[in-house]
Amino acid sequence: QHNDQSKWKLADGALTCQQGGQVLCTTTAWADFVLRLQFRAQRACGGSLLLRYQPAADAAAAQCCEIAIAENIQTQWPTGSLLGHRKAKVTQPSKAAAGWRDLEVWLEGPQLRVKLDGHEVLDSTEVSVRRGHIGLLCREGELAVRNIKLKPLGLKSIFNGKDLAGWKITEGSKSTFTVTPEGWLNVKNGRGSIETEGLYGDFVLQLDVKVNGKGLNSGVFFRSIPGQVMNGYECQIHNVFKGQDRTQPVDCGTGGIFRRQNARKVVADDFRWFTMTIHADGKHIATWVNGYQTADWTDQRPAHENPRNGCRVEPGTIQFQGHDPTTDLDFRNIRIGQLPPK
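279 is the number of the first residue of the sequence shown in the working numbering; add one for each residue after it.
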């Protein structure tokens with residue numbers, strides 16, 4: 279969040295603002311993605327969806343890709359327009375929508391496409407800002423937004439499902455790493471790890487994980503010191519919580535940053551596939567499990583080569599952990615995208 283968000287409220291599952299002028303934005307800065315949401319614009323609403331938003335102390339100096347959200351279709355910049363650059367096609371809202379409209383934005387590199395209620399209203403190659411936050415702005419009238427969902431684009435596979443090409447087992451590991459007949463990466467036994475040959479600093483990583491035992495422990499390490507077992511940041515894998523309360527994780531919880539920030543909620547279950555997303559951007563780290571944000575943390579510690587002891591922003595390897603002799607996990611659909619400079 280940036281600036282004063284005091285006029286933004288959360289009610290009935292929607293973010294609402296009345297004649298605010300303030301920007302409400304994500305803590306995570308994204309590059310290429312598909313974003314879908316529903317909005318309701320009322321009382322001569324003049325609002326905006328800010329993409330790749332880069333805030334500044336002087337609001338006039340902030341950079342972004344600004345998409346208009348308006349109630350009046352006769353306005354100079356109807357909903358879906360790239361403000362200041364290109365006007366969107368005008369479409370009539372559905373009478374059955376009870377005021378709610380569907381907005382979809384596809385943004386990859388300089389290419390921007392906008393759909394309103396399923397109809398393409400804008401296709402532009404005029405976006406110059408490369409990466410930034412996602413923000414909402416209501417200058418006048420009333421704006422409500424709900425069901426906000428984002429899918430990263432441009433991720434590339436780093437596991438071929440056939441062999442361990444591109445990966446290496448760290449020296450001294452007691453774990454075994456094999457490719458299953460289904461094309462999954464399986465890890466058994468421990469202590470040990472397998473790591474990427476490539477190095478990654480600022481990135482988005484997505485993968486599917488399945489824990490093949492009750493209460494087993496593992497983790498995805500990143501910005502790890504190459505060749506060293508698990509000397510990196512750890513996104514925990516441990517689907518255990520206290521009693522019946524999933525907001526009370528045991529031993530950090532799946533999606534938490536081990537020893538730094540516990541998971542907000544244990545979303546995943548043992549014996550079932552779940553999808554994990556890790557976003558690392560400088561000192562800021564955010565994670566999601568099955569689309570639910572589990573951690574949002576900024577490393578304020580002094581710089582150190584080893585993330586166990588301090589803040590590391592330098593690139594390192596991605597590692598999968600064999601925690602102990604009981605370890606038995608599968609990984610699949612492992613894909614990553616490096617973030618461009620802001």
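To be clear, the hints were calculated from the coordinates, so they are not data collected in a lab. Quantities reported herein were computed from a predicted structural model and do not represent experimental measurements. A virtual CB, placed ideally from N, CA and C, is assigned to each residue, including glycine. Among these hints, one or two may not hold up.
Listed below are the simulated DSSO-like cross-link pairs for lysine-lysine, each with C-alpha atoms no more than 27 Å apart in a straight line [said to hold, decoys possible]:
1. 434 <-> 466
2. 561 <-> 620
3. 365 <-> 561
4. 427 <-> 561
5. 427 <-> 365
6. 561 <-> 429
7. 488 <-> 452
Label pairs and their in silico Cβ distance ranges [to be verified]:
8. 491 <-> 404: 31 to 39 Å
9. 492 <-> 618: 36 to 44 Å
10. 403 <-> 456: 41 to 49 Å
11. 492 <-> 620: 42 to 50 Å
12. 446 <-> 368: 52 to 60 Å
13. 321 <-> 523: 38 to 46 Å
14. 449 <-> 613: 36 to 44 Å
15. 388 <-> 491: 29 to 37 Å
16. 447 <-> 491: 20 to 28 Å
17. 321 <-> 616: 37 to 45 Å
18. 569 <-> 454: 26 to 34 Å
19. 479 <-> 537: 19 to 27 Å
20. 457 <-> 406: 40 to 48 Å
For each hint, the structure was consulted:
1. At roughly 26 Å between alpha-carbon atoms, residue 434 and residue 466 fall within 27 Å of each other, so this suggested pair holds.
2. A hinted pair counts as satisfied when its Cα atoms are at most 27 Å apart, and residue 561 with residue 620 qualifies at roughly 14 Å.
3. Taking the CA atoms of residue 365 and residue 561, the gap is near 38 Å; set against the 27 Å cutoff, the hint is violated.
4. Simply put, residue 427 and residue 561 have alpha-carbon atoms about 24 Å apart, close enough for the 27 Å limit, and the pair holds.
5. Restraint check for residue 427 and residue 365: satisfied, since their Cα atoms lie roughly 25 Å apart, inside the 27 Å limit.
6. This hinted pair checks out: residue 561 and residue 429 have alpha carbons roughly 22 Å apart, not beyond 27 Å.
7. Taking the CA atoms of residue 488 and residue 452, the gap is about 21 Å. The hint holds against a cut of 27 Å.
8. A hinted range of 31 to 39 Å for the beta carbons of residue 491 and residue 404 is inconsistent with their spacing of about 52 Å.
9. The given range of 36 to 44 Å is respected by residue 492 and residue 618, whose C-beta atoms sit roughly 42 Å from each other.
10. With their beta carbons about 45 Å apart, residue 403 and residue 456 fall inside the hinted range of 41 to 49 Å.
11. Roughly 43 Å separates the CB atoms of residue 492 and residue 620, a value that falls within the hinted 42 to 50 Å.
12. For residue 446 and residue 368, the Cβ-Cβ distance of about 56 Å falls inside the hinted range of 52 to 60 Å, so the restraint holds.
13. Judged by the Cβ atoms, the range 38 to 46 Å given for residue 321 and residue 523 holds: they are separated by roughly 41 Å.
14. The beta-carbon spacing between residue 449 and residue 613, approximately 27 Å, falls outside the hinted interval of 36 to 44 Å.
15. At roughly 47 Å, the beta-carbon separation of residue 388 and residue 491 lies outside the given 29 to 37 Å, and the hint is violated.
16. A beta carbon spacing of about 21 Å between residue 447 and residue 491 agrees with the range 20 to 28 Å that was offered as a hint.
17. For the pair residue 321 and residue 616, the beta carbons lie near 43 Å from each other, so the given range of 37 to 45 Å is met.
18. In this structure, residue 569 and residue 454 meet the distance hint of 26 to 34 Å, their C-beta atoms being roughly 32 Å apart.
19. For the hinted restraint 19 to 27 Å between residue 479 and residue 537, the CB-CB distance of approximately 21 Å keeps it satisfied.
20. Here the CB-CB span from residue 457 to residue 406 is close to 43 Å, well matched to the stated 40 to 48 Å.
The earlier numbered hints that this structure contradicts are 3, 8, 14, 15.
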